[in-house]
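On the provided structure of chain L, position chain U as indicated by the hints.
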Amino acid sequence: MGRVWSILFFLVPLAAIVTFLLAMFGVGPLKSAWLPESLTATGDLIDRLFNGIHLLAAVILLGTGLTIGFAIWKFDHRRNPNEKALYIHHNTKLEVVWSVIPAIILIVLAIVQMEAWEQNKMDRPTVSMGGVEVPAPPIVMVKAKRFGWEFYYAGKDGRVETADDVYVENLLVLPANEDIVLQLESRDVIHSFFVPELRIKQDIVPGMTQFSWFNSRKICDVEIICTELCGWGHYKMKGLLRLVSRQEFDQWLEEQSAEYLPELKSADSEPITP
Amino acid sequence: MAEVTVGQHRVESVEGNSLTRLLTTYVFATDHKIIGLQFLFSSLIWFFVGGLLALAVRWQLAWPWSDMPIFGSALFADSGGQISPEFYTMLFTMHATIMIFFVVIPVLAGAFGNYLIPLMIGADDMAFPKLNMLSYWFMWPAFGCIILSFFMPGYGASSGWTSYPPLSVFAGDPQTMWILAMLFVGVSSMMGSINYLTTIIQMRAPGMSMFRLPMTIWGMFITAIMQAFALPVLTAALLMQLSDRLIGTGFFLPENIAVDNAVATSGGGQVLLWQHLFWFYSHPAVYIMILPAMGMVSDMIACNSRKPLFGYRPMVYSITAIAGMGFIVWGHHMFVSGMNHVLAMSFMVSTMLIALPSGIKVFNWIGTLWGGRLHLNTAMLFSIGFVSMFVIGGLSGIVMSAPPVDIVIHDTYYIVAHLHYVLFGSSVLGVFGAIYFWYPKMFGKMMNETMGKFHFVLTFIFLNGTFFPMHFLSRMPRRVADPYVYEGVRDLLPLNQFMTVCAMSMGAVQIIFIANFFGSMIFGKKASRNPWNSNTLEWAAPSPPGHGNFDFQPKVFRGPYEYSHPDRESDFFPQTEPRENRPGHPGIKKRIEETEKVTLEAQNPSP
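Residue numbers (our numbering), protein chains in the order written: chain L, 421 to 694; chain U, 9 to 615.
Rather than coming from a laboratory, the hints here were simulated on the basis of the structure.
Quick list of simulated restraints, FRET-style, between CB atoms:
1) U:499 with L:666: 27 to 35 Å
2) U:270 with L:662: 31 to 39 Å
3) L:447 with U:217: 51 to 59 Å
4) U:244 with L:675: 48 to 56 Å
5) L:535 with U:255: 46 to 54 Å
6) U:83 with L:662: 36 to 44 Å
7) L:501 with U:34: 38 to 46 Å
8) L:535 with U:215: 51 to 59 Å
9) U:244 with L:531: 33 to 41 Å
10) L:662 with U:350: 30 to 38 Å
11) U:240 with L:424: 46 to 54 Å
As a list, the in silico DSBU-like pairs of lysine-lysine whose alpha-carbon atoms are at most 30 Å apart:
12) U:563 with L:504
13) U:453 with L:504
14) L:504 with U:605
15) L:504 with U:461
16) U:461 with L:494
17) U:534 with L:504
Backbone N, C-alpha and C fix where the C-beta goes; we use that ideal spot for every residue, glycine too.
So that you can see chain L by itself, here it is in the shape it has in the complex:
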């Protein structure tokens, strides 16, 4: 029976790693599992970390898992009925080795990941204004609400939260191959703006203003997912993000404002942002 248990525990790392490889290379039922193709340079950095840490984890899992399986195989008391177990309490050298090596690995891991975080969350793109580098202004203000997305595009003045903003619901059209900055705000509860392909996720907290940025290298349609529970209709809170060329974007925005602005003017130029 000892052999059976040993095989069972051998199977844990083996099965884990086989499925891991299937997912990594997109085979069989795990074809569309794991992460979708990345569209940004920061995303590539995150993917390298994601795959790198998983490979490291796989090695550790294989090592510990096989050792456990082997120990069960070899040290079952029925295989050694007349011998006593080793009488060892500790081994300081070994303790130091298995504390120091992981510590070094973890510190290296901690340092290498800072770059990706900085790009994704801290280094907001800048624009040159009169010779001075200033943070790039948001092109769209995202207002999350139960259960949908409101998008206010900066109008002719290039600023959001002004009277010439263009309002669109649940559809976000943005130019690819450009630094895009979004301003994120909530109307009611906490929401979260997640676009898996762009590797951006930011909780949208009422009472706070957040910014998120990306630069997509591809023209395509992707989904906006709300990833913070916002009530019973959380599952309905889906948006569409269309990444288009600059030309197409300008044209689309023009159409939208032509459609939208006359209406606004007739309503006595009431500011549309809260």
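What follows is chain U alone, placed relative to chain L:
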């Protein structure tokens, strides 16, 4: 429990008629063993409820909006048996709440903490028996609140077990019940932890120094310290949320906030404040939910390997380090919450470092197995299962402790996979192992090993079948009633169906455990004092121990892990056994004589 007058101990429960005796012995008991069993039984019942809720969640994820079997037609007569989205949010909220606050914490600290602490340190009871009784009975108002909330509009709280405001502040009445329940659970845990600390510090048997304590007791001790420090913060936060809901304060509400048609009367609060306060408790709570199990697993592995625990002191230091660092890592739940992004980096570093003591523990467990003489009984298999699953849960923890990676997997099923590997794969397997290991002491009967092994192997396979594929759903958001509205998730439906089938099978397998648990009380073989040839003190007491625990005054002569000592014939050396046959207490003397007689008989078999 017939012998209420064991030795020189209390005889309080003899007075009165049989009804009062029944009430004081089994219901409002002050005996730590009965209280431990009360915690055990109530957690097992809630485990069943929480499990059903989980299966309902899995049903919806595999066959969304289809009629729910068995309960569907009764609960949702007007929709023809479908789960409503409101009901789905309630399902995962209550599943988590029940499993965390009514099952894992009470079964570890409440059941095993109560049962084992006095026995393993050689005390006759807890330091404060009445406080101990109160700590159990304070669970009942919490049970009552949660049961009541199931019958209120909305069928229960539905803001997630994390209850982030403003959603939770604007939620319906069941949320108030939820807060009250959590307050009662907190009071119960607080009373328990003070009792455990006092008992472990003050009531150890002569000779039981702190570094002769078994790892189980160290786990309970450190857990009690964590609870004592972290719970006040949760209690304060819960009261603040309660007053935001009921008396119009605005601790967690910013200016001008409106949800649906409800407008907050005040503002000026901070939404993130709740998250900081909540995780300041709930991250240590993660360790509260695993350190006692780690302790028990250490004892089970050492005993069943017949080998001293490898690196006892490093083990003690690493759980202490886990507890200490556990208080400075809470921000890793909030990497994308809008918290300062520089702060995220410091939380990342502390989170990376907490992997270190966890790793040291794993290596020491493997070091204990290595060169042992393994007795692969059910308790041992569950313990090795614990280690094996903890490795997976720990490694995925390292993956998500990297904030850039967390951007992608936060609030997706990857997190669900990780937390279930730690909470189910580790804590619950540890609890199962502990039940098989200490059952003979609790009920005086042995559990059936064959059924136990079937229970283990099937649970182990189906648990991996349920939770391992979740690692690959890193684009499927959690807490979403119908994730298939997203194109990217649609292809994952077959995988989800596979997981649901595994989850249901895992639920069904627990019938073996229930049958074994109750069947063994009646049909089980009678257990001797020390069926596993273990060193620790509880095995020197009768099985089950009477009121007052020991029929002699235990004295401790050595640490708990002296297995396979080269100078000895037998492969264990109980903590109570003196080295030479010194004139000691009659109880010890008698037991030594008995052992010698058995050994002599074995050496010279009579013709």
